[in-house]
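Trainee: Chains as they are written, first to last, in the numbering used here: chain W, 1 to 157; chain X, 1001 to 1157; chain P, 2001 to 2157; chain V, 3001 to 3157.
Each computed DSS-like pair below joins lysine-lysine, with the alpha-carbon atoms no more than 30 Å apart:
| # | chain 1 | residue 1 | chain 2 | residue 2 |
| --- | --- | --- | --- | --- |
| 1 | P | 2122 | P | 2150 |
| 2 | V | 3122 | X | 1122 |
| 3 | W | 150 | W | 122 |
| 4 | X | 1150 | X | 1122 |
| 5 | V | 3122 | V | 3150 |
| 6 | P | 2122 | W | 122 |
Sample of chain V residues with no beta-carbon within 12 Å of chain W, all distances over it, derived:
| # | residue |
| --- | --- |
| 7 | 3037 |
| 8 | 3048 |
| 9 | 3075 |
| 10 | 3135 |
| 11 | 3138 |
| 12 | 3140 |
| 13 | 3151 |
Worth flagging that the hints you see were computed from the coordinates, not collected in a lab. Just so it is clear, CB atoms sit at the ideal spot from N, CA and C, and this is done for glycine as well.
Each chain, letter by letter, is given below.
Protein chains: 4
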Amino acid sequence: MNPGRPGLRPRIAVCGPSECGPETARIAEEVGREIARHGAILLCGGLGGIMEAAARGARAEGGLTVGILPGSSAADANPFIDLPIVTGLSHARNLVLVRSADAVIAVEGGYGTLIEVASALKMEVPVIGLRTWEVSPLIVRAATPAEAVKLALERAR
Amino acid sequence: MNPGRPGLRPRIAVCGPSECGPETARIAEEVGREIARHGAILLCGGLGGIMEAAARGARAEGGLTVGILPGSSAADANPFIDLPIVTGLSHARNLVLVRSADAVIAVEGGYGTLIEVASALKMEVPVIGLRTWEVSPLIVRAATPAEAVKLALERAR
Amino acid sequence: MNPGRPGLRPRIAVCGPSECGPETARIAEEVGREIARHGAILLCGGLGGIMEAAARGARAEGGLTVGILPGSSAADANPFIDLPIVTGLSHARNLVLVRSADAVIAVEGGYGTLIEVASALKMEVPVIGLRTWEVSPLIVRAATPAEAVKLALERAR
Amino acid sequence: MNPGRPGLRPRIAVCGPSECGPETARIAEEVGREIARHGAILLCGGLGGIMEAAARGARAEGGLTVGILPGSSAADANPFIDLPIVTGLSHARNLVLVRSADAVIAVEGGYGTLIEVASALKMEVPVIGLRTWEVSPLIVRAATPAEAVKLALERAR
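So that you can see chain W by itself, here it is in the shape it has in the complex (with noise of 0.2 Å):
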C-alpha cells in the first residue's frame, strides 16, 4: 500500500476491458460516482470501456478524473478524462496505474486486467473485485459498486 501523506485526496484506480457491455458499463459507471461522491480521484488507464464508464460516472458527480495512457497522445483519451497522463510506455503504464493508486478496483477484464491485478498484488496495493479475477485471497469480494468503493476507501488508509 501505498499511501502518501496525510491529506491528499484518496486515489482509487478503476480496471477493466476497453470493451464491455451496457450492463458492465453501468456498474463501472457507478463505481465511478461513488467514487467521486466520496472526494476521492479516479485514476484509470484513460481509455474506453470500463475506463470510459467509470470516468463519466465521476465526472457526473463533479469529480477528478486521471487517464494514465499507454500511447504517445492525450488525444486517445476518452471524454470524460479531466487529466491525461501521457506515458508512451505501452502496456507498462499499466504499473504506473496501480502504482498510483490507494486502492484498485477491477471490474470484469482480460489479461490487461490480470497484469494489474497481478500489480497490485505485487505491490501491495489492496485489490476489490467485481465479477474479476479469483487468483489471490487477497482480493477482497464486492458485490455492488457502492460496496467496492467503501471497501476501498476503507483499505486506502
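For this one, chain W is given, so just place chains X, P and V on it according to the hints.
Mentor: Here is chains X, P and V on its own, set in the frame of chain W:
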C-alpha cells in the same frame, strides 16, 4: 506537441533541479503562481527544489499540482502536490512528465533537466527556457516567470 | 508472438520466483540446460531463485544468458548472467522480459510471475507452464523441463 | 558507472541518429569493429543509421550485437542485431540502453542522442563523444573510432 481534445485544461510542466537557492526558488514559485492564475494544471517531478517551489506557488493560487514521481512511494511527493503519480521508473519518469505536458518550462537545471529538455525537443513538446540549457534554437527564451508562462500557454495550443 | 527475422536465435524467457526450494531449482536448472542445448538464448529477470537456477543450467551447457534487471545496477545480476540489461524500471521490467521473448516458460511463481504470465497472454507471446498459474487455457502445460523447452521452441516460430 | 561483477564482458553502447550519411556510417561501423575486436559487447538502439552501421561493424568482427528497441516487435531490429530486446517503451528505452552500458560512445546525434547523453551524465555512465553534443566537460572527446573505443574501455572499469 500533444494538445488532446479541446476543453481540457492546459498542462504545463515545470522542470528543474531538486535543489536550488532562494532566488531560483522564488522564480519557480512565481512560475507556479502564473500557471495557476491562468487556470492551467502544473505538472512537475514531484520532489524538492524547483519542483517544490513551483508546486507551492501553484497551490498558493488554488491551482492543481501533479507530481510525476521516480520512486515507488507517494510519500516522496513534496507537501504541495495534490496528485502524486507514482511511476517506479526512476529517471524514465522524466519522459512521462514531458509527454504529458502541452508545454515545458525549464528553470535552470542539471543533467536531469537536460533529459527533459532533450525529450521535449524529440517529442516536439514546446520548451520555454528560464536560465536553462541552450542546446537548441527551438527553446524559446523567457526573461521572467510571467513571460515564460505566457509563452508556454501560447505554444500549448 | 514476436519472432523477429529468420536467422535470429530463439529467445526463451524463464520466469519464476526469486526464492525457491532445491527441487524447483533443479527443474529450473534443467530448463536452462535444455534451452542452451537447443541453441536458444535464455532470458530471465537476472536475480536469484528460479532465474539463477535457469541461468546456471544454461551456462553449464555453454548457452548465452541474459538478465533483464529491475534495479539500477548490473551488480544485481546473479553470477550466471552473461549480459545484464539494467532497466531501472522496477517491476515494469517484467514486461520488457516478456516482450523480448519468443516464448515464456513459467516455473511455479508468485505475483511477479503472474505479471509476466498475464503480460505474455496480453501480448500474445506463447506461455508454457510448469506447475504455474492456471489462469488461461492458452497456457500450455508441460510435465518436464525437456517437454517445456520443446513446446516453447515449437511455439516460438 | 555500472560495472557489474568482474568477469563480465564490457558492454559499450553506441548512440546516434537513425539516419546518417556514408561518412558517418563509416565512422560508426569502425566503432563497432573496434568494440568487437576488444571482446566487448555492442549495445545500441537496434534501428537504422548509426545503430545499424555500428552493429554491422561489430558483426563483421564476430562480436555480439544487442539492439534495445523502442517498439513492440523484434522485427524492427536491423539485420545485424543478434539479440533484440523489445521494450515497447518508446523513447524511454534510451535510458535502458544507457543504464545497461559500462560506457557510451555518442556519434553525432540529434535530440534522441541528447536524451542518451544527458541520461548517461545523470547516471554517471562515462560518455565518449565523436562529433557529438558538447554539453558537459564530462564528455570525453575522441578523434577517431579507435580512440573512442579505447577511452570507453578504459573508463568502463
